[in-house]
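Protein chains in written order, with the numbering used here: chain A, -16 to 362; chain B, -16 to 362.
For the record, the hints were derived by calculation from the structure and aren't laboratory data. Misleading hints may appear alongside valid ones.
Heads up, the list lumps identical chains together, so a pair's fine if it works in one copy or across two of them.
List of simulated lysine-lysine pairs, DSS-like, C-alpha gap at most 27 Å [what the hints assert, rightly or not]:
#1 Lys147 x Lys23
#2 Lys132 x Lys147
#3 Lys256 x Lys167
Number of protein chains: 2
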Amino acid sequence: MKKSIILGLCALAVSAVPALAQFPGSSPARDNAAIIEDFKPSELNQHGQEYPMVNSQGYARFRIQAPQATSVVVSLGLGGQGGTILQKDADGFWTGTTAGPMDEGFHYYHLTIDGGVFNDPGTHNYFGSCRWESGIEIPAHDADFYAEKDVPHGKVQEVRFWSKSTGSLLRAFVYTPPAYDFSKDTRYPVLYLQHGWGENEYAWFNQGRANLIMDNLIAEGKVDPFIIVTTYGMTNDVVFGHMNEFTAEDFEVVLCDELVPYVDANFKTKSDKWNRAMAGLSMGGFETTLVTLRRPEMFGYYGLLSGGTYTPDQIKDKNQVRGIFIGCGSKEGPDAVNKAAADLRAAGFNAQSYVSQGTAHEFLTWRRILREMAPFLFK
Amino acid sequence: MKKSIILGLCALAVSAVPALAQFPGSSPARDNAAIIEDFKPSELNQHGQEYPMVNSQGYARFRIQAPQATSVVVSLGLGGQGGTILQKDADGFWTGTTAGPMDEGFHYYHLTIDGGVFNDPGTHNYFGSCRWESGIEIPAHDADFYAEKDVPHGKVQEVRFWSKSTGSLLRAFVYTPPAYDFSKDTRYPVLYLQHGWGENEYAWFNQGRANLIMDNLIAEGKVDPFIIVTTYGMTNDVVFGHMNEFTAEDFEVVLCDELVPYVDANFKTKSDKWNRAMAGLSMGGFETTLVTLRRPEMFGYYGLLSGGTYTPDQIKDKNQVRGIFIGCGSKEGPDAVNKAAADLRAAGFNAQSYVSQGTAHEFLTWRRILREMAPFLFK
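Generate coordinates for the entire structure from the input sequences, incorporating the hints supplied.
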């Protein structure tokens, strides 16, 4: 198991490096001539807010009102061009444009104003880095697969279930496919889909658009409908540098002994292991390996999204798993992912890999992997 | 109708006055001896955040890191003691305590840092004032009715429905009661419940805890289960000072001709008007009067929560409505609400009023009115 943990942690560690440290050279001094002035409000902006804006090249422009501030810096994550130092104009607005184009897709960011960390009041918030962060979306060339369309839409339900092991009312989100309510006797497989470190149960539907991806795949006949469940992976108390101490044992009890029985009792599920999958992104992938290997009787399909790999020797009984899907972005070591899937296939497993082109440890990678993984499950 | 509009607008206008203007005398200079030092993190704080804190008297204490800032002010709404000017300590943290105890319940607030408006990174965000604002909760003496308990819990579902009239995919949240999924052939009444000006479809479940209120009422046998639907009332483009120009006609089409048919087609509803109610808080109450009076065939029960009144002469046919519930907080003109209900009763209507003691134009008022109104509906 060691190998997969280390790979998972490397990916995590990269994503956690503060953006400014990553891109020390980024600054507002640059060749503006190259920037096409077709900026439009980011699609994630709050109602009526003009900024932040994005242009057709993937540059982002920010504008923050803080007349008496002495310093406003935008910190963007991976693929986000790092720190952008804003400049104050005569009206008290701080503006600035990223030093270069950003990767397509979703990026977390925040502002540092006079030494304090705050969110951009122009945009919506997304839970990452253990807090609600600002988010910006660079339109992707293939955004159609998670676009809002006039197709039948499933529902995302918030459910509250009492967790005896933690003594608290926990939250899960449950995606049911469009036909779910009409199909009185039809039962569906379930994918338990975990977020990454610093994120929570909202991530896959807010940042990930998992519901829209499924709606569109189902409308195109590419996927047989299944249910998706997300819950909090209890990863936010894991301290960086001490990740190898994380056993996910508390989470395993919540997931396997409390949430799965709740979902099977409250939704029209197929409740055998061949109709139950577990997958996760980044640290959620690490959780997936830990839980699936300790509880082979629970899940029939495994998925790791930028979250390490399985090796053939980790899985004692080949017949206990019917499919393993491993993916990552092209900017985060795709060779290891492809090799892992090849090794698994050579050992007789049904394994598939996918590499998202031009993306890093971010949500466009995971949206695409979900799109590729969905038709692979429960087959 | 004029009268009810004016009353509704008065309530709105009061709530919209900037907090600092409301309480010009509030400042950090006060008699600290009176403050009991039993501060605890607000229950709305983000994971692991210590501040903001509240004490047993209802004081709130804030702490913001912004070492190079020159000014940090907390602006709290009605019942929130107005502006609190924070003071910087040697470590670069700005701290301050409200000038007095705050009303029990939920309060929106934001920070003004060096002249710019930002949210407190310590707490969760709640959509109010047409933006996601910070929120703080002063524990109420009667908080038990919306507490998280080990009782059967309903679900809150996010649904996306295609709106032909607006050409967009709109969002609604649908609360289904605990027994909903198990009761194959049982159908339920539906309450369409609107937010106020500057809020959106999230408000009733996030700030309002409508789902927990219903779960607890149902568990105690005080309410026959029904469905609650919330959607965006299109109120955020209404300009203050021009509210009398708001006709809610676009919203009426979305609600009555798009959302109601969607809900009746996709949920196990009783779809006749005697099993359909409309209610709203503040400007959502204004919408309720406009829509119910123009569409008497659609709704059998009406509810106004700090959102004006009906007069007997507004309703042409007494037999078209089976119940009218009117409520507000004791700090926002309860006489008009009680008189309106008495007038309606004198004219032969089934009308009831309720006044929330010690609260203003805020969510504890509306949580309590929902608790009182729920058993009144569909009877």
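Against which earlier hints does the structure fall short, listed by number upward?
-> none
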